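Going down the list, the protein sequences come from chains E and Y.
Heads up, the first sequence is in numbering that gives the first Met the number 0, so the first residue is 0 and it goes up one at a time.
Heads up, the second sequence is in numbering that gives the first Met the number 0, so the first residue is 0 and it goes up one at a time.
Please keep in mind that the hints were generated in silico from the structure rather than gathered at the bench.
Treat the hints loosely; a few may be bogus.
One copy or two, it doesn't matter: identical chains are merged, so the pair holds either way.
Claimed, not checked - Derived PhoX-like pairs (lysine-lysine); straight-line CA-CA distance at most 20 Å:
(1) K88 - K153
(2) K134 - K162
(3) K153 - K134
Every value quoted in this text rests on a predicted model; they were computed, and no experiment measured them.
Protein chains: 2
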Amino acid sequence: MTTMTEAAALPLNRVLPGDCIEVMATLPEASVDLIFADPPYNLQLRGDLRRPDNSRVDGVDDAWDSFASFDAYDRFTRQWLSAARRLLKPDGAIWVIGSYHNIFRVGAALQDQGFWILNDVVWRKTNPMPNFRGKRLTNAHETMIWAGRDQAAKYTFNYDALKALNDGVQMRSDWTLPICTGHERLRDEDGDKAHPTQKPQSLLHRVLVGSTNPGDVVLDPFFGTGTTGAVAKMLGRDFIGIERDEGYRRAAEARLADVRRFDATALQVTTGKRAEPRVPFGQLVERGMLRPGETLTGPRGQTARIRADGTLVADRITGSIHQVGAALDGAPSCNGWTYWSFQREGQRVPIDILRQQIRAELA
Amino acid sequence: MTTMTEAAALPLNRVLPGDCIEVMATLPEASVDLIFADPPYNLQLRGDLRRPDNSRVDGVDDAWDSFASFDAYDRFTRQWLSAARRLLKPDGAIWVIGSYHNIFRVGAALQDQGFWILNDVVWRKTNPMPNFRGKRLTNAHETMIWAGRDQAAKYTFNYDALKALNDGVQMRSDWTLPICTGHERLRDEDGDKAHPTQKPQSLLHRVLVGSTNPGDVVLDPFFGTGTTGAVAKMLGRDFIGIERDEGYRRAAEARLADVRRFDATALQVTTGKRAEPRVPFGQLVERGMLRPGETLTGPRGQTARIRADGTLVADRITGSIHQVGAALDGAPSCNGWTYWSFQREGQRVPIDILRQQIRAELA
DNA sequence: TCTCCTTTTGAATCGACGA
DNA sequence: CTCGTCGATTCAAAAGGAG
Numbered sequence: 000m001t002t003m004t005e006a007a008a009l010p011l012n013r014v015l016p017g018d019c020i021e022v023m024a025t026l027p028e029a030s031v032d033l034i035f036a037d038p039p040y041n042l043q044l045r046g047d048l049r050r051p052d053n054s055r056v057d058g059v060d061d062a063w064d065s066f067a068s069f070d071a072y073d074r075f076t077r078q079w080l081s082a083a084r085r086l087l088k089p090d091g092a093i094w095v096i097g098s099y100h101n102i103f104r105v106g107a108a109l110q111d112q113g114f115w116i117l118n119d120v121v122w123r124k125t126n127p128m129p130n131f132r133g134k135r136l137t138n139a140h141e142t143m144i145w146a147g148r149d150q151a152a153k154y155t156f157n158y159d160a161l162k163a164l165n166d167g168v169q170m171r172s173d174w175t176l177p178i179c180t181g182h183e184r185l186r187d188e189d190g191d192k193a194h195p196t197q198k199p200q201s202l203l204h205r206v207l208v209g210s211t212n213p214g215d216v217v218l219d220p221f222f223g224t225g226t227t228g229a230v231a232k233m234l235g236r237d238f239i240g241i242e243r244d245e246g247y248r249r250a251a252e253a254r255l256a257d258v259r260r261f262d263a264t265a266l267q268v269t270t271g272k273r274a275e276p277r278v279p280f281g282q283l284v285e286r287g288m289l290r291p292g293e294t295l296t297g298p299r300g301q302t303a304r305i306r307a308d309g310t311l312v313a314d315r316i317t318g319s320i321h322q323v324g325a326a327l328d329g330a331p332s333c334n335g336w337t338y339w340s341f342q343r344e345g346q347r348v349p350i351d352i353l354r355q356q357i358r359a360e361l362a
Numbered sequence: 000m001t002t003m004t005e006a007a008a009l010p011l012n013r014v015l016p017g018d019c020i021e022v023m024a025t026l027p028e029a030s031v032d033l034i035f036a037d038p039p040y041n042l043q044l045r046g047d048l049r050r051p052d053n054s055r056v057d058g059v060d061d062a063w064d065s066f067a068s069f070d071a072y073d074r075f076t077r078q079w080l081s082a083a084r085r086l087l088k089p090d091g092a093i094w095v096i097g098s099y100h101n102i103f104r105v106g107a108a109l110q111d112q113g114f115w116i117l118n119d120v121v122w123r124k125t126n127p128m129p130n131f132r133g134k135r136l137t138n139a140h141e142t143m144i145w146a147g148r149d150q151a152a153k154y155t156f157n158y159d160a161l162k163a164l165n166d167g168v169q170m171r172s173d174w175t176l177p178i179c180t181g182h183e184r185l186r187d188e189d190g191d192k193a194h195p196t197q198k199p200q201s202l203l204h205r206v207l208v209g210s211t212n213p214g215d216v217v218l219d220p221f222f223g224t225g226t227t228g229a230v231a232k233m234l235g236r237d238f239i240g241i242e243r244d245e246g247y248r249r250a251a252e253a254r255l256a257d258v259r260r261f262d263a264t265a266l267q268v269t270t271g272k273r274a275e276p277r278v279p280f281g282q283l284v285e286r287g288m289l290r291p292g293e294t295l296t297g298p299r300g301q302t303a304r305i306r307a308d309g310t311l312v313a314d315r316i317t318g319s320i321h322q323v324g325a326a327l328d329g330a331p332s333c334n335g336w337t338y339w340s341f342q343r344e345g346q347r348v349p350i351d352i353l354r355q356q357i358r359a360e361l362a
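Construct the complete structure from the given sequences, taking the supplied hints into account.
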């Protein structure tokens with residue numbers, strides 16, 4: 000959906016160096032379909048933490064996670080969110096992940112800037128770090144906020160694909176997934192973890208399958224070691240990464256070079272009836288699949304006759320298949336396609352069968 | 000822990016009428032051990048919502064949940080929080096429950112006022128209302144914030160009691176509990192629900208066991224129909240309720256009169272048996288155990304390829320592992336978990352092996 | 001009383017498109 | 001803009017009723 004000029008101006012599938020607020024300011028507005036952001040959590044750790052066996056926990060103590068006050072953190076948040084919002088297309092959306100240290104401030108800032116929250120999603124970790132001191136509950140989840148650019152945004156939501164991913168029941172707002180460990184966890188030459196808060200690919204897989212389409216542009220302003228880019232590449236989405244730390248950038252670039260894109264068939268995803276072309280009921284009459292004068296039957300024996308223009312008459316009611324069905328049932332609305340049947344060889348046949356025939360021809 | 004004079008001044012185990020901000024101002028400072036608050040969520044619903052069968056959803060349209068703007072909601076939040084904080088003893092703590100509509104604003108206000116967040120706790124509903132229009136994820140959880148009066152507060156945390164409640168492993172920050180239905184749900188003379196958002200006793204049971212001791216004073220400034228009071232009474236804690244709606248107050252008082260101390264009802268609902276967790280096939284794909292594009296093999300050499308949403312494609316058939324297996328065999332049904340295998344190092348491996356791996360992690 | 005099936009219901013920010 | 005029309009969309013529990 001990008002024009003040539005936009006596409007030319009966008010540095011796709013690269014990791015841009017620098018501070019994300021400054022770099023985002025250089026990119027063209029309304030050019031990005033989705034933003035996934037994993038900003039610093041502002042953890043406020045005091046001293047170091049030791050396990051019961053006295054070994055030291057390797058916590059997040061990097062300078063980039065340190066802010067002088069809530070106020071400073073809020074200023075930072077509002078700046079990067081504002082820059083990010085400028086880059087979103089009108090129907091774009093954003094995901095932000097955080098913990099209780101920062102997510103309330105991020106959520107309030109999103110609302111204040113006009114983003115429209117669609118869901119908050121809980122990532123339940125199957126294998127969280129235990130609470131070694133027994134002073135609080137095990138912090139076993141993180142929170143993601145999914146928001147449209149504004150209330151009017153017609154955001155992408157692949158409902159049927161996520162439903163398929165969840166064994167045929169609609170996807171819920173709590174996602175149970177393991178943290179990033181094992182081979183997936185990037186390590187430096189010394190065997191230490193390359194990034195303290197590397198997110199699992201499974202998390203990004205679900206986000207991108209659910210809220211983007213192949214060919215969409217996904218921006219990650221806190222790219223880190225590039226989980227967003229890796230999954231985007233696998234799924235045939237374009238990405239833009241921004242990362243100011245050279246070490247993380249190098250790790251991400253090495254990682255991305257090894258990623259293969261899934262083939263076209265694998266990228267296809269379950270779609271529902273919404274994606275199908277519309278078929279006017281009148282077309283069934285025009286094509287002679289149903290004849291004017293023929294009688295249709297409703298679910299409880301209601302009858303109506305077809306007129307030459309594809310409207311129905313029942314009793315004193317006239318109108319579309321939907322309107323007559325709704326009127327007969329005293330219902331506020333009705334899907335005429337699933338309401339009415341016709342007779343063929345003594346059998347009741349739903350009219351939706353005929354619509355499916357036409358759609359099959361169109362495919 | 001209360002002195003004689005404080006105890007004398009406190010209206011214990013009663014439901015006080017009136018606006019909570021005004022009523023709290025009349026109570027003595029530093030007199031309460033714990034506050035549990037379920038403030039209005041500011042839902043901002045538009046129009047009515049119908050189920051696919053055309054029945055109408057009885058949503059929250061009460062005047063008390065309506066605010067003119069985020070700004071108005073913030074002012075309200077800061078006022079009641081500030082009044083509540085004055086009432087807390089130095090080592091007191093607060094719980095606030097909310098949804099994505101309001102919880103970010105509440106969380107930020109808590110931090111701004113000097114409360115110190117201890118955990119955010121996710122209430123995962125076993126039986127949430129589905130998303131009827133298929134436009135978002137099922138909103139299947141609510142969020143609670145647990146915070147000390149300030150960073151120095153030596154808050155109460157009954158670590159071992161919660162660990163015992165959780166089958167001997169540390170209590171996590173995600174709690175899986177059913178919503179309030181059935182006999183527990185209070186109804187008026189007409190059989191309608193007495194309160195639109197009654198919380199389950201199991202939730203309060205866990206909160207009060209974990210963060211109060213017998214004899215503590217628990218304040219609920221948005222008392223509603225009195226779940227907090229009922230569970231407090233059962234558990235031998237004192238409570239103070241504030242509720243401005245007379246109908247809710249009467250329902251709460253009738254309810255409380257029937258509650259006996261040490262009633263085991265709440266305990267029973269808290270500990271439920273766990274069934275074997277369902278593992279969607281899609282999770283094997285998300286987690287990279289199987290790749291999109293990879294080929295699965297059936298018992299007699301049938302093949303199908305995996306797509307990014309966890310569905311299979313074989314010939315012209317698309318669907319779940321079960322559906323495609325059944326279609327290829329011309330069978331009415333099929334257990335895809337035992338039907339399909341994948342290749343690893345030249346060997347055929349049943350996909351069920353991978354499901355067992357995931358279940359082992361969850362156990 | 002027990003089983004089986006049907007009905008009801010729950011804190012919900014729940015369209016798209018053309019005229 | 002608004003307005004009218006098309007037509008897509010639900011899961012787990014518990015209550016209630018039939019046999």
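20 Å Cα threshold - placement of K162 relative to K134: between (38 Å within a copy, 12 Å between copies)
Alpha-carbon proximity between K153 and K134, which holds within one copy, between copies, both or neither at 20 Å: between (44 Å within a copy, 10 Å between copies)
Alpha-carbon proximity context of K88 and K153, limit 20 Å: within (10 Å within a copy, 49 Å between copies)
Against the hints set out earlier in the document, no violation occurs for any number.
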